[in-house]
Amino acid sequence: MGILWFEGYPQLRDRGTPGYITLAGFSIVLAITYMTAISRYIVPYDPFTINVGPLLSPPSSDFPLGTTQLGQDMLSRTIAGGAIMLQVAVLSVTICFSIGVTLGLIASYKGGVLDRIVSLLMDSIFAFPGLVLAIAIAAMLSPGVVNMALAIAVVYIPSYFRVIRSQVLTVKELPYVEAAIVMGARDRDILLRYVLPNVIPSAVVVMSINFADAVLTAAGLTFIGLGLPIDVADWGWDLTFGRTQLQFGAWWVITFPGIMIVLLALGFTLAGEGLNEILTPKLRE
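Residue numbers (the numbering used here): 20 to 304.
I should point out that these hints are in silico values taken from the structure, not numbers from a laboratory. Errors might be hidden in some of the hints.
[Stated by the list, open to error] Per label pair, the in silico range of CB-to-CB distance:
1. Ile-219 x Thr-68: 37 to 47 Å
2. Pro-148 x Thr-263: 18 to 28 Å
3. Val-201 x Thr-121: 21 to 31 Å
4. Ser-79 x Gly-277: 17 to 27 Å
5. Leu-211 x Ile-69: 46 to 56 Å
6. Gly-131 x Asp-208: 19 to 29 Å
7. Trp-270 x Ala-50: 23 to 33 Å
8. Val-201 x Ile-278: 54 to 64 Å
None of these values were measured; they are calculated from a predicted model. Where a beta carbon is used, it is the ideal one built from N, C-alpha and C, also for glycine.
Using the sequences plus the hints, can you model the full thing?
Quick look at the structure:
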């Protein structure tokens, strides 16, 4: 935390507009993360408890964000609802980052048949619409955070692979990498010491943007009833419940979870776009 705010801030600030965009994005994400992390201490009611107030009560002094069709406090559910979504986003991005970067490094460095096979597989996955593929995978798996993260991760592995592959093919031609190969350095040492440091900034940019994609995909899966059990406090489920209550004029059930999803996705998007603007000059150098 100290590195981000006290050491990193001047560096981001010196970058001008991209730096401020990045700071704005990270600020939104950190604020929501902190809110969900301490939710058990600040929520006025248990988000799972029913009949804490009148059914479908509009926002009032007693219930600032209103209540659900079961009499649950919407403020409590809105505060606590981001925890699982953040878990899914972090886990899914970690999985696809690890697999995509590893496959991209090894396949593109080795080349030949291995590169052609892996590239064909990644292109095949990339050809499917992301949400449709995630729905198909989630439908085959049982509800749960890990399975939902796996369904989302499969969709975005090709993004990392393609970015890393293109970078590695360029870095392989650099004189000091060719010199290391001629001198007989081990492939592992070349990849870890010379290739990876040059390509990892691109993967970091993709990762930061993928967080927003993962949040929206997770919300979409839950919205159609896939991915998570129904007995959890989640913004996606609140959207599902709110859709049915909207016809009765209960706009607050769907509005506030929707706003939180948009804010979280916006935070990740701003952070990713800002990092892209900051790191791109370094990559070109």
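So, going through the hints one by one against the coordinates:
1. A C-beta distance of roughly 46 Å is found between Ile-219 and Thr-68, which places it inside the suggested range of 37 to 47 Å.
2. Between Pro-148 and Thr-263 the CB atoms are about 26 Å apart, so this pair conforms to the stated range of 18 to 28 Å.
3. For Val-201 paired with Thr-121, a C-beta distance near 25 Å keeps the hint of 21 to 31 Å intact.
4. Against the hinted window of 17 to 27 Å, the Cβ-Cβ separation of Ser-79 and Gly-277 comes to about 20 Å, which satisfies the hint.
5. Range check, Leu-211 to Ile-69: about 54 Å between beta-carbon atoms, so the 46 to 56 Å window is met.
6. For Gly-131 and Asp-208, the hinted distance range of 19 to 29 Å is satisfied, since their beta carbons lie about 21 Å from each other.
7. Checked against the hint of 23 to 33 Å, the C-beta distance between Trp-270 and Ala-50 comes to roughly 25 Å, which is consistent with it.
8. In this structure the supplied range 54 to 64 Å holds for Val-201 paired with Ile-278, their Cβ-Cβ distance being about 58 Å.
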